[in-house]
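There are 2 protein chains.
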Amino acid sequence: MHNLPLVGLDIGGTLVKLAYLDIYNLDSSDPKLVKLSNDIHHFVKNPRTYGKTGVFDNYLTIENVELNGYKGSLKFIRFPSSDMPLFIKICGQRHFSTFLETIHVTGGGAFKYNNEMEQIASCSLSKHDEFKSLISGLEYIKIVNPLNEMYYLNKSYESCNWSMEDLYPYLIINIGTGVSVIHVISRNQFERVTGTSIGGGTFTSLCNLLTGSKGFDQAMQLAETGESQNVDLLVSDIYGGNYDLFNLPGDVVASSFAKLKDKSHASKNDIANGLLTMIANNIGSIALMCAFTKQCNNILFCGNFLRENNIAKEKLSYAMDYWSKGEKRAYFAQHNGYFGAIGSMVLSLTQ
Amino acid sequence: MHNLPLVGLDIGGTLVKLAYLDIYNLDSSDPKLVKLSNDIHHFVKNPRTYGKTGVFDNYLTIENVELNGYKGSLKFIRFPSSDMPLFIKICGQRHFSTFLETIHVTGGGAFKYNNEMEQIASCSLSKHDEFKSLISGLEYIKIVNPLNEMYYLNKSYESCNWSMEDLYPYLIINIGTGVSVIHVISRNQFERVTGTSIGGGTFTSLCNLLTGSKGFDQAMQLAETGESQNVDLLVSDIYGGNYDLFNLPGDVVASSFAKLKDKSHASKNDIANGLLTMIANNIGSIALMCAFTKQCNNILFCGNFLRENNIAKEKLSYAMDYWSKGEKRAYFAQHNGYFGAIGSMVLSLTQ
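Taken in sequence, the protein lines are chains A and B. Quick note: the first sequence uses our numbering, first residue 173, plus one each step. Quick note: the second sequence uses our numbering, first residue 173, plus one each step.
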């Protein structure tokens, strides 16, 4: 068995995330190994591998990464999970299994597509647990990108360069298609605390249905210039002001969308912003409840719902700070939705 | 000051709830008191008092109730909060303040409509805290309706006739326009734990926007014959089956509405049922988290979202039981959304 760090896949409910190490110069006396590396990277780097929907997130590339003795740049690609059957077909047509028999995978799709991968592409899937991969990926990235990976919002962006050890115990709020809350006590000690089905998938679908947007990026664009106050019933709408006895300020949302009697009273932008606000606030409220229960002051929000989503990040930052009187803080990470994919690549080396 | 139990109002974000004691025979040597009682009840019982939108919930009437030495039937009326200005105008026109200067009120509207009530109707509002009223109303109703008030669903309806003392400590999940979670340690010891803005108001508005329904009752009707599986992405849609490591069965919703690409793939009924499922599941998840944190096994769900809403009640019952392995149980109450109004009437006697 070779020990090349190759490829890690994370097949989620909406997106497939792929991480791979583009090795600079494979200095090996074994010509077979060099050919293997070249073949795999040629396949992975070829846009046609993902049909027409692959996105190369070049802005996330990390240079000079070392993994298992090999140096290269760590790169990231994503494509819609609905194109998995096409991806499998291409793997089969291009005989991917002749150079890589086993792919390291996490996410639900590792189970869902197991048989198709074997039967159509002759590849076997080595499955890694979703949360184990997420945490391993996060820990690894924090080592290779220590200064810039994690940040918080304190009016503006502030990076934080302390190590993972400083973070324990912490919560991960993974906001992908759905939402999971994970309590991380140490690298190998973690538990799923709770979750909600109101996540990124809900945002995209409801926005598509209500505004005619096509997908997450368009929905986000609409939300950017909308005003959720035009659709939400605020505490002040019910109370005429603050609800002082329970310290509920007047501008807190009492009921999402309850102000909107029909579509003519709000723009598409207001509706998109209202959905984003509804989902972010609900997640924030659950996160905070868990943080108090588990006595964690550090709350890391990640997952692709937060990709280019400053509205949600600002709301979550404000909520953690305000409702905990500054005790708890929301953190975010540059590589957001890729920790599972990175983790399954890292975990492939431990087998 | 007389000590007649008169009227209690609860002015919420969507509905105004009114409770009053219809005294059988006011046996009093004081003719003024008899006239007062008659005038008030004549006003309260007159449908025109509420414009065209008052609903007399006669099926909830409790006979032979005794309150402060007076016997009568306890009756319940509701009308939309949007008709409060009309109600205030009618109070003014019919000189309500000449027989009742002070009305005992709870809910946000007690603050919002305070000035209008004073200026237009010459009535002052005696304000009672929302949660204090809710708990007082619940405790009182449990005394006058001990056998049938509370019930749980165990495949079918089962009433439970134990006293409130058996319930402590418990959680109240009040699902009105928005949602509040209250931890009740004893009659006078309680705290608001958390809440979510995704409540009954959200259900009605989003259903109106997505299906063209007009209001809660129509939205509920649509939901009754819909299938949320047609809009929701289930764990099995992502995993191809169960997610065994974290005991997530395949039929658990991973992401609400994430299966729905456009409206043509689901009926209006499916969409309404999907919204109901989304909101009930999210509330159930929050309730359970709080129940574990506060170590409560008894969880009382109330509020007008649950009125004639067996779908939500069944989902909540199942969720509490399943995820706690039978340790925690969901309870419901016949007078659901009226506890605040009852409580403000009861509290009027203590002043």
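Check the hints yourself; a few may be wrong.
Same chains, same names: a pair is fine if it fits in one copy or spans any two.
[Claimed, not checked] Below, computed lysine-lysine pairings styled on BS3-like, alpha-carbon distance capped at 25 Å:
#, residue 1, residue 2
1, K497, K314
2, K217, K204
3, K217, K327
4, K386, K440
5, K261, K433
6, K386, K435
7, K304, K224
8, K433, K224
9, K243, K327
10, K433, K284
11, K304, K204
12, K204, K243
13, K304, K327
14, K485, K386
15, K466, K500
16, K327, K224
The set of hints was computed from the structure by calculation and includes no laboratory data. All values derive from a computational prediction rather than experimental measurement.
Here is what the structure says about each hint:
1. When the C-alpha separation of K497 and K314 is checked against a cutoff of 25 Å, the pair qualifies neither within a copy, at 28 Å, nor between copies, at 38 Å.
2. For a Cα distance limit of 25 Å, the shortest separation of K217 from K204 inside one copy, 20 Å, qualifies, whereas the shortest one across copies, 91 Å, does not.
3. When the C-alpha separation of K217 and K327 is checked against a cutoff of 25 Å, the pair qualifies neither within a copy, at 38 Å, nor between copies, at 56 Å.
4. Proximity of K386 and K440 under a CA criterion of 25 Å is satisfied in both settings, with 13 Å inside one chain copy and 20 Å between copies.
5. In the homo-oligomer, the alpha carbons of K261 and K433 lie at most 25 Å apart only across protomers (24 Å), although the nearest pairing inside one protomer, at 48 Å, exceeds that limit.
6. Taking the shortest alpha-carbon separations for K386 and K435, both the intra-copy value of 19 Å and the inter-copy value of 13 Å come in at or below 25 Å.
7. In this assembly of identical chains, K304 and K224 lie within 25 Å of each other by CA distance neither inside one copy nor across copies; the values are 31 Å within and 60 Å between.
8. Only between protomers do K433 and K224 lie at most 25 Å apart by alpha-carbon distance; the minimum there is 19 Å, versus 41 Å within a single protomer.
9. In this homomeric assembly, K243 and K327 never come within 25 Å of each other (Cα to Cα): the closest approach is 37 Å inside a single copy and 61 Å across copies.
10. Within a single copy, K433 and K284 get their C-alpha atoms only as close as 41 Å, which misses the 25 Å cut-off; across copies the closest is 20 Å, which meets it.
11. Taking the shortest alpha-carbon separations for K304 and K204, neither the intra-copy value of 32 Å nor the inter-copy value of 76 Å comes in at or below 25 Å.
12. Proximity of K204 to K243 under the C-alpha cut-off of 25 Å is restricted to the intra-copy arrangement: shortest distance 19 Å within a copy versus 95 Å between copies.
13. With identical chains, the CA atoms of K304 and K327 are never at most 25 Å apart, being 33 Å at best within one copy and 38 Å at best between copies.
14. With identical chains, the CA atoms of K485 and K386 are at most 25 Å apart within one copy only, with a shortest distance of 22 Å there and 35 Å across copies.
15. Proximity of K466 and K500 under a CA criterion of 25 Å is satisfied in both settings, with 12 Å inside one chain copy and 20 Å between copies.
16. When the C-alpha separation of K327 and K224 is checked against a cutoff of 25 Å, the pair qualifies neither within a copy, at 39 Å, nor between copies, at 50 Å.
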